[in-house]
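2 protein chains.
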Amino acid sequence: MKDEHALKLDYNNALAENVGEHGLKLAEIRRELPRLATIAKQLKAQEEAGQLGFRKLPSAAEVRAVKQAGRRLRAVCDDFVVLGIGGSTLGGIALTAALAHPQHNLLPRQMRRGPRVFFADNVDPEGFEALLQVVDLRNCCFNVISKSGGTAETLAQFLVVRHRLSRALGPSGAKEKIIVTTDPKSGFLRELAEREGYATFDVPQAIGGRHSWLTAVGLLPAAVAGIDIEALMAGAAAMDERCRKSAGLNSPAEVAALIPYLAHTTRGQNVNVMMSYADALYRVADWFRQMWAESLGKKLSTSGQVVHAGQTPVAALGATDQHSQLQLYMEGPFDKILTFLTVERYRREVKIPAPGRKAPATAYLTGQTLSRLIQAEQQATETALAMAGRPSLALRLAQVSPHAIGQLLFLLQLATVYAGGLYGVDPLDQPGVELGKQLTYALMGREGYEAKRAELESWASRHKPEFVL
Amino acid sequence: MKDEHALKLDYNNALAENVGEHGLKLAEIRRELPRLATIAKQLKAQEEAGQLGFRKLPSAAEVRAVKQAGRRLRAVCDDFVVLGIGGSTLGGIALTAALAHPQHNLLPRQMRRGPRVFFADNVDPEGFEALLQVVDLRNCCFNVISKSGGTAETLAQFLVVRHRLSRALGPSGAKEKIIVTTDPKSGFLRELAEREGYATFDVPQAIGGRHSWLTAVGLLPAAVAGIDIEALMAGAAAMDERCRKSAGLNSPAEVAALIPYLAHTTRGQNVNVMMSYADALYRVADWFRQMWAESLGKKLSTSGQVVHAGQTPVAALGATDQHSQLQLYMEGPFDKILTFLTVERYRREVKIPAPGRKAPATAYLTGQTLSRLIQAEQQATETALAMAGRPSLALRLAQVSPHAIGQLLFLLQLATVYAGGLYGVDPLDQPGVELGKQLTYALMGREGYEAKRAELESWASRHKPEFVL
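Same order as they appear, the protein sequences are chains P and C.
So for the first sequence, the working numbering puts the first residue at 1; every next one is plus one.
So for the second sequence, the working numbering puts the first residue at 1; every next one is plus one.
Worth double-checking, as some hints may not be accurate.
It does not matter which identical chain is meant; a pair holds if it fits inside one copy or across any two.
Distance condition first, Cα-Cα at most 30 Å in a straight line; then the derived DSBU-like pairs of lysine-lysine [as the list claims (entries may be wrong)]:
{"#": "1", "residue 1": "K8", "residue 2": "K41"}
{"#": "2", "residue 1": "K67", "residue 2": "K437"}
{"#": "3", "residue 1": "K437", "residue 2": "K8"}
{"#": "4", "residue 1": "K437", "residue 2": "K41"}
These are computed hints drawn from the structure, not numbers from a lab.
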């Protein structure tokens, strides 16, 4: 699966020529090409100024170091738990869901040939305690991931785990079970790791959380799950190369940015549904949700104007969601564009046998395969939507492989950065989450947030909660 | 947890008084009360005409029969697999995710005191084969659920399972592992069950798929997972009673319908985000996604006018999605209303210990609890959004319990039916999924769909797939 065209972008059904007025005219698309060329130049300049960290892929030596650590961890632990949230877990989750066995954690140890892999990505006490209940602390390694080293949820999880490990194994035993992935120099986790002697991996300073899947953040859990991270890297590099060599309507990243952007800004399609027709790719849609929402959902443009930009990403799963969301997609408002994720060759084949006696009701199924069925459903859904005037894109994978997943994630990253340029916003920051953090600190009584606390109380006193049933 | 007010609806932050122009004025809300009263009357008439099947709760005897079957299955099988899709699985998934142990399938048998429970809700060959790989066919029961008895995906799964069971256990051994839940009289599955002697449960004819969680469809898997289905029923009955006794601004169902409807139709908020601050309730949001999308996403009004109604439901999880979606919710377009699901008392408590030495960076966390943290984050997020002029509702559960979940699901069902009245559409049908089904049959070569196949080919020949990168 090293074919660099293992991933195709098909935009036929996004065009007015195929779906009518809610689709885009080729002329409209072409009109934006000069803007895309300008954006490409700006991105190039940003890259040269070191501001586009994710585009500098890790060196072979860095990947090898992660691979070796992964191999060691596969041998020494029975459980591997990632403590993190948001960008610290979404990449690892997407990679393992796509490329490990779909029931990895339920396989017998000898079939897994490595530990069970868990991602603790919330601070719900019910969920977190339940997870700690099923892992065996004596044979469990914890990978604490926070770029800043100060994420509240991750620190809370970590403090709980550290205490329990110390109780179970003593402080020096505990130390060996903890691997910290954080900023190379600063932050609470970095300081603690140095003081206590934890193994560490770096998150390069120039790479933001949501772009960190190709660092130790995403690659270490993937390696522990037995995934070929060198092939992932090669896939990303192939897509990088492909997009560097092409431009405009020949560049998959530019087309994947331009079409949803125009669908939103010229056709009012403020919802962008990524509908995967493979269980394995459903969590890629979840990873993309963060990428698209956090990068493009901005109040201010780069020139400081109030724009309130952003298209809402939605994750859907075919064929399942045909029985849940398709009715709305077919008949509801014309407020959506879909992106299908399709697979040409599934990694397994399942034949559908006959039901014993003659049964006309199932004759169309028997002798066929599940892949034939799910592919027919995908094609039928895409076509039915097109016939109903509903536009869609498709990202078609030849097969779900590390190389193809590397291509896919890198394409979506690049496309998002181009979309930032089109919307005129900075796709690399997230200023809007600050207020919620500060109010959380205020409510938790953190030192230095007394004024925020007062502001919160004053707001609350002016907004009495009268309307409760 | 039998308090009938274990569930509160708080709409303060949906009001313009609290969030400004993107919120609703009380006067606007009151203006719709006469329409709601008319809709309530229509629903009453529909109910009396037997058209609102879900509102007739199952009898105590029916619930007891399911409970007994559940108890027997808990004793005799090690694995329990539901074969179904859409409404046949979403209820069971929501119930078990909310009320069984969060790591149910990874607990040792003696702690589970019942089988592992799986929902096979897709026809992806990779996912389906992986599931069959981890269950032991000799000790596994399969619950095949399809109201019509003819759902393509479910029949395909079933034919595969039936063949493998026969091979492993012989036809009579296979028979004992299969339980069919389907229409009481008609359909392929009903006929086959009678011919082959499978155990069966009925889906009452008057209850549609997405409303079937309170029939054997949802209750049997819940009972097998060890959930108190009588308390679920009691919760649903309590909410039913509460909504029958109240009207207008005193009725939680009417308010929960009216506010998102007005948010959509008067403020352009075409996206309805259900954001749960409990892992346990995340799949309730998924169940609700079907309810809201499939019920309200309609091309035609009940009087035959083209309306293209429907608001797009989105599921989100707090605190996790604060690190993924919140940036967009805070700063993006004013195109959303949120519904928070909150919990006052979590079923577990986890203390956050100190990190050994003095550490100012974590002082605000130590000595507190994870529930305190997640609740502070919920309150902070809700308030930050309100301060930014972003409206929200909240459904506040005293605790996640069978009774409270019964109330919650029933409330959301009723609210959806009221919303159907407000949008002027029939919330009980789903005509838009027909075309996709017919095209699937055509592609699979089903007899009788030759004309559809020709139509598809003619469409394809007129829409050449030229635009592929």
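Here's how the hints hold up against the structure:
1. Only within a single protomer do K8 and K41 lie at most 30 Å apart by alpha-carbon distance; the minimum there is 25 Å, versus 54 Å between protomers.
2. In the homo-oligomer, the alpha carbons of K67 and K437 never lie at most 30 Å apart, since the shortest distance is 35 Å inside one protomer and 46 Å across protomers.
3. For a Cα distance limit of 30 Å, the shortest separation of K437 from K8 across copies, 26 Å, qualifies, whereas the shortest one inside one copy, 40 Å, does not.
4. Taking the shortest Cα distances, K437 and K41 never come within 30 Å of each other, neither inside one copy (35 Å) nor across copies (46 Å).
Consistency note: the structure conflicts with the earlier hints numbered 2 and 4.
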